[in-house]
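K.L.:
Below are the chains, spelled out letter by letter.
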Amino acid sequence: MLDLPIDYDTSAQVGSIMGSGGMNVMDEDTCRVDVARYFLHFTQEESCGKCLPCRVGTKPRHDILSRITAGQGEENDLAELEALATSVKDACQSLK
Amino acid sequence: MKISINGRQIEVTGKKTVLEVAREHGIYIPTLCDHPSLAPFAGCRLCLVEIKGRKGFPPSCSTYVEDGLEVLTETPQLQTLRRHILELILSEHPNACLICAEKKNCDDYKSTIRKVGEVTGCVLCPNNTRCRLQEVVDALKIDRVSFPSSYRDFDIRRDDPFFDRNYNLCILCGRCVRICTEVRGAAAISFVFRGSRAVVGTAFNRPLLESGCQFCGACVDACPTAALTERATKGESLPDDKRDTVCPLCSSGCELAVDLRKGRIVSSVPKDGDTVNSGQACVKGRFILRDVVYSPKRILSPMVRRDGELQAVSWDEGLDFVAQKLKAYQGRDVAFVASPQLALEDSYIFQKFAQQILRTDISVGPLRSSPLAAYLEELQKHGLEPELNFEMSALAAAKVILLADTDVVSSQPLLWLEILKATRKGVKLITVNPKETASERYASFNFEVKPGAESYLFASLSRRLLENGRPETFSSIEGFEDLKKSLEHLNASGLDPLAGSQEEDLRSVARLLSEGHTAFFFFGRAMIDEPQAGASLRALWNLALLSGARLIPLAGENNQRGILELWRRTPGRGLSVSEILGQAEEDKLKALYLAGPFPVLSKTAAEFSVIQDSYLNENVKFADAVFPAVTFAETEGSFVNGEGRIQKFKQLIEPLGEARPDWWIVGRLAQRMGATGFSYKSASEIADELAKSIPAFEEAAPRQQKKGKPAFVLEEKKTTKRFLPAEPGWRVPEKSSKQPLPLGADNGLDYYRGLNLKDEVKGLRKLRERQRLKREK
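Residue numbers (the working numbering), protein chains in the order written: chain Z, 209 to 304; chain V, 7 to 783.
Derived by calculation from the structure, the hints in this document are not laboratory data.
Any given hint could be a false lead.
Label pairs and their computed distance ranges (CB to CB) [what the hints assert, rightly or not]: (1) V:Tyr-70 <-> Z:Ser-219: 35 to 43 Å; (2) Z:Ile-214 <-> V:Ser-196: 49 to 57 Å; (3) V:Arg-249 <-> Z:Arg-275: 24 to 32 Å; (4) V:Ala-107 <-> Z:Arg-275: 23 to 31 Å; (5) Z:Arg-275 <-> V:Gln-83: 22 to 30 Å; (6) Z:Tyr-216 <-> V:Glu-72: 27 to 35 Å; (7) Z:Asp-285 <-> V:Gly-74: 40 to 48 Å.
For glycine and all other residues, C-beta sits at the position ideal for the given N, C-alpha and C.
Produce the complete structure using the sequences and hints provided.
P.N.:
Structure, rendered in structure tokens:
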């Protein structure tokens, strides 16, 4: 992995993405839920706030993930998370 | 174009959005951020639809129709999506009442208690039943919110006049922000912060008063929730009636819709749809109409002075008393002052009364400081009868607009909106003012000139225009050679009152004006208040002729044009207000009948004086009799607005106290003085007579109003083009020597009959103070 060239095509080939050029390196100990929570926090900060679903919809998802990472997740959380994620993605202009 | 919505075939013409077409055909698509006066925003995402062959869910408000579009508005995915979005909105907005299972019953059993600090539910909300959120929740049948509520806990802003801002109820649809910028050009508010912290606010969170807000109320009317609420209506119950009227507070003649409850005015908002004012108003029409009608200064009973004291009497007693006394005075002994703020019908009866009974002519309030009156007078002096009618909508075709000596933003806000629209389409705006004005920021060229030096500027422009103009368009006009000669004497480098740095602007403007574009020149009060008014006017007239522009004087009061037209058609002229004062000073005036604005007197002006007004004012202490007249709200009639449009207005409420319409009072008085022909039963009867006796007012007749075409004062079509004699020398005054002006002659026209609106309404006073400070800075 370490000898991978840093460019768009190669990143895509191995199932990664090239964003602004920054790189997040994780290993098998990294908690995926925690990563999701972290990125949702990031998205929330990055939202411009024009479209309602993105402005408001990131918050409950972040709350759910925070709860899960704190060990207080509920069975229902997963379904809700998925439904909400789909709605926000479908309803917002920049995510198409 | 053919499209299909939910399988229905629809024929579409013109550039329209999917949402517009759906609405036209009765297909409901929920939306919160869309507004008919605003560009598509697509922020609330409720109006999403599915379009065959397109990815995702495009918002119907910002998707324009194309041929062959197949639109679906009610698929299961869309329904789920919309429910989710609306639930998200509700998670931020107090929702207990919105989704309550008992809400139907609640309306019947709970009294309204809206005057609360915090709105926690619809029953406590001043916007209950008018809320767009309620409408959408009902349409989507939302009965639960799956997301936890998050109350944002903003402080409620109550530090500005007229309305409160409670952003806890805000759904960030942006309608207020957009209307303030797109329609009103004020841009006082904006989105502040971003993402989940986004909120609507002013720069540096200052009060609106300090942020360039004109308090037109457009944002309040655009708000779909109660985030913005008119303070005066907060404690009011819901209105039970709605009637239309015409605002009497300036010459725009805005059409307003008035909410009433139990025969009382609750509030007034601009009427929707295709109106003179295109659904907009200004601070006066929107927020203070009710205060005008219900002012504690209203005179509610006829009064007669007995033993030095004014005592309330019956109408019979009062009328008999005045009729008896007035019989002794006729001709030049007596002056009758009429108001330019009353209906045409009242003005007509005033004139008839003055001519037939008092054998004199009416004097009209502060007409002498009206640009319209000054313009007419100056041109008539030179044998010209200029065209006065124009339609505000004509500005849409303009390429050049010049504003001289006026801050239309505060004095003619509705005209300003049309000018603003024009500037958005690329019109070159030229402003000429002695002081900084709010319109300047939209101007392509701004000339700051000393008061009284306008004629010099216009002559400078004329001279440059002659140098690069197209002579065929103006050289054949009478008086051209004289003008040319006089301009040759204009020494551009000598006594130039214009800053030298403006030379380039002068050249550019002259070039622009010489290109033969459709141009409109407006001028305001400040120009004709100067002793050099005549010279400025003639110079501007000549410049307008050279540039092929239409010159339009700004009218002041709502019926000023109407009363001027009456005046124009009578041989005699009443004394001006200052002439009356002069006569009073020399004890030549015997009787004074004041039914219009007049300066505050310091002593008795005549042996016998009568005041007919809606409000007690300082001159009442010198009056022998006082008659209570109704306001516009308690009567019907017609106004002629600044365009020359005849506007009918209807009665809103019953007269307060013993107040009576002005035509009724003077008519009854005439009858008691032995005259016939004054026994009118209604204002429309008078309108009929007026239309018959003065052809120009033909369209004022009630039956003429039904044609569906706007009614106008009829003007003789004649082209009067002649250059007016220019000043021999171009003097630039050192200092202006202004006379104190009568009530209402100040810039903003903030008066109604005997009421000074700034004294009466604290909010207006604060706003005007702020605007004045800004100008004098």
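K.L.:
Decide, hint by hint, whether the structure agrees.
P.N.:
Evaluated hints:
{"no.": "1", "hint": "V:Tyr-70 <-> Z:Ser-219: 35 to 43 Å", "in the structure": "37 Å, holds"}
{"no.": "2", "hint": "Z:Ile-214 <-> V:Ser-196: 49 to 57 Å", "in the structure": "40 Å, violated"}
{"no.": "3", "hint": "V:Arg-249 <-> Z:Arg-275: 24 to 32 Å", "in the structure": "56 Å, violated"}
{"no.": "4", "hint": "V:Ala-107 <-> Z:Arg-275: 23 to 31 Å", "in the structure": "29 Å, holds"}
{"no.": "5", "hint": "Z:Arg-275 <-> V:Gln-83: 22 to 30 Å", "in the structure": "28 Å, holds"}
{"no.": "6", "hint": "Z:Tyr-216 <-> V:Glu-72: 27 to 35 Å", "in the structure": "34 Å, holds"}
{"no.": "7", "hint": "Z:Asp-285 <-> V:Gly-74: 40 to 48 Å", "in the structure": "44 Å, holds"}
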